[in-house]
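2 protein chains.
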Amino acid sequence: MPTVVLIGTGNVAHHLFRALKENIIQVFGRNEQALREFSESTSTTSSIDELVAADLYLLAVSDDAIKEVSRQFSHVKGLLAHTSGSVPISQLSSERKAVFYPLQTFTFGRDLNFSTIPICLEATNKEDYGILEELANSISKSVYRINTEQRKKLHLAAVFANNFSNHIFQIAMEICEQENVDFDLLKPLIIETINKIEHLNPIDAQTGPAKRNDIQTMQAHLEGLQDPMHKKIYQMLSKSIRKSHEEKL
Amino acid sequence: MPTVVLIGTGNVAHHLFRALKENIIQVFGRNEQALREFSESTSTTSSIDELVAADLYLLAVSDDAIKEVSRQFSHVKGLLAHTSGSVPISQLSSERKAVFYPLQTFTFGRDLNFSTIPICLEATNKEDYGILEELANSISKSVYRINTEQRKKLHLAAVFANNFSNHIFQIAMEICEQENVDFDLLKPLIIETINKIEHLNPIDAQTGPAKRNDIQTMQAHLEGLQDPMHKKIYQMLSKSIRKSHEEKL
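From first to last, the protein sequence lines stand for chains A and B. Start counting the first sequence at 1; every next residue gets the next number (UniProt numbering). Start counting the second sequence at 1; every next residue gets the next number (UniProt numbering).
Some hints could be false.
A pair counts as met if it fits within one copy or between any two copies, since identical chains are not told apart.
Derived lysine-lysine pairs resembling DSS-like cross-links, with alpha carbons at most 27 Å apart [stated by the list, open to error]:
| no. | residue 1 | residue 2 |
| --- | --- | --- |
| 1 | 231 | 141 |
| 2 | 187 | 152 |
| 3 | 248 | 187 |
| 4 | 232 | 67 |
| 5 | 211 | 67 |
| 6 | 232 | 141 |
By construction, these hints were calculated from the structure, which means they are not laboratory data.
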């Protein structure tokens with residue numbers, strides 16, 4: 001089993017630490033306070049000089065820190081991997097570069113089952129890919145070889161799938177609150193929306209006034225929306241649904 | 001147990017028929033071909049003269065047909081209820097008016113567990129409400145008293161929660177396809193998005209570049225989007241997320 005030094009002490013680092021506990025031989029971090037939370041279970045350091053030898057150095061820092069932090073680890077003999085969806089592999093300054101990207105939204109303190117989280121891997125040579133793959137297979141059933149271009153698109157698609165859908169749910173909640181209706185009433189509908197796309201392509205699962213071009217209902221909905229931004233979103237998404245279905249015909 | 005005559009033979013009628021099989025004593029429909037599918041399990045008719053006496057006449061027809069069809073049933077002694085989210089109770093022409101609105105997206109041929117589907121009820125008098133409530137309680141654990149104004153907002157919120165989120169997932173799928181990435185990789189993320197809002201208010205569950213005001217990432221995402229409509233949606237939803245979080249601060 002590959003040995004791992006985890007670099008970083010934030011939210012993603014915490015989740016990776018829980019998943020890779022048996023492989024991690026050291027946690028490196030600048031913030032000594034944050035480091036203390038790891039020190040019960042493994043060795044920790046905030047000094048580059050105390051870094052131990054490992055098969056893999058796993059960089060769990062924010063996207064804009066990757067380039068800078070990776071420079072400090074450019075001398076390591078092991079493989080250096082970042083964990084970001086949007087950063088190209090080329091931003092790493094080590095000789096042996098890799099990416100170990102778990103495609104999930106991580107919430108502080110919320111335990112996740114890693115076995116169902118897709119892990120997207122990239123490495124610049126075959127043996128290094130083997131190390132990543134062994135590690136990923138030990139924690140997840142969904143391991144994929146994904147290059148930098150694909151990962152960029154995946155990350156962009158994830159913004160729609162998570163950030164934007166979540167915001168749409170927030171708007172739905174605000175609309176309910178205007179008439180003192182409990183948002184919980186919509187939860188079975190939201191769950192069924194997801195269940196449907198397990199079996200159907202979203203374009204075939206689409207229903208509603210925009211798909212039917214039911215102008216009367218859409219007009220009534222627009223009048224019912226109080227926030228001008230919500231009106232614009234309603235119009236834009238309805239237009240986009242219409243366009244998709246006209247193209248499909 | 002209240003007896004029911006079901007009016008309509010479409011998608012929603014089929015789902016209600018399965019749920020209320022033990023109460024339904026007759027199905028009424030214009031389309032004799034469609035009616036035949038019900039005739040194995042109950043009595044059917046397409047003639048108003050053959051209508052039997054029942055506690056409740058349940059109108060499962062399209063929104064724009066409710067007013068017209070309800071006129072044909074204005075003489076019935078039982079309670080007349082429509083099943084629509086967006087139509088006011090006042091559009092019914094019977095003396096005893098009601099609404100029995102199951103808040104769910106119904107797909108033809110896809111069996112649903114009614115016990116978790118919220119049923120929104122409205123009636124113009126107390127005894128009639130009692131009949132609706134008895135019927136609703138017999139099939140669902142989530143029964144709510146919802147007036148016409150609340151139901152209108154709920155229906156509008158449901159367009160966001162279902163139609164718009166589904167369209168957002170379709171866009172995510174199209175983005176994946178541009179780089180031959182399997183949309184299935186996003187499904188654990190989508191499921192976790194929903195799981196999170198079981199415990200957190202969506203505004204507190206929000207993450208991503210728009211929330212962080214990470215202009216560099218948003219710029220890179222906009223460049224990665226090929227469809228001008230997707231660019232506009234990205235900009236509009238990002239702006240709306242920013243606005244929500246600035247107001248929250």
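Evaluated hints:
no. : hint       : result
1   : 231 to 141 : neither (42 Å within a copy, 34 Å between copies)
2   : 187 to 152 : between (31 Å within a copy, 17 Å between copies)
3   : 248 to 187 : between (30 Å within a copy, 24 Å between copies)
4   : 232 to 67  : neither (39 Å within a copy, 31 Å between copies)
5   : 211 to 67  : between (45 Å within a copy, 23 Å between copies)
6   : 232 to 141 : neither (41 Å within a copy, 36 Å between copies)
In summary, the structure is inconsistent with hints 1, 4, 6 from the numbered list given earlier, while agreeing with the others.
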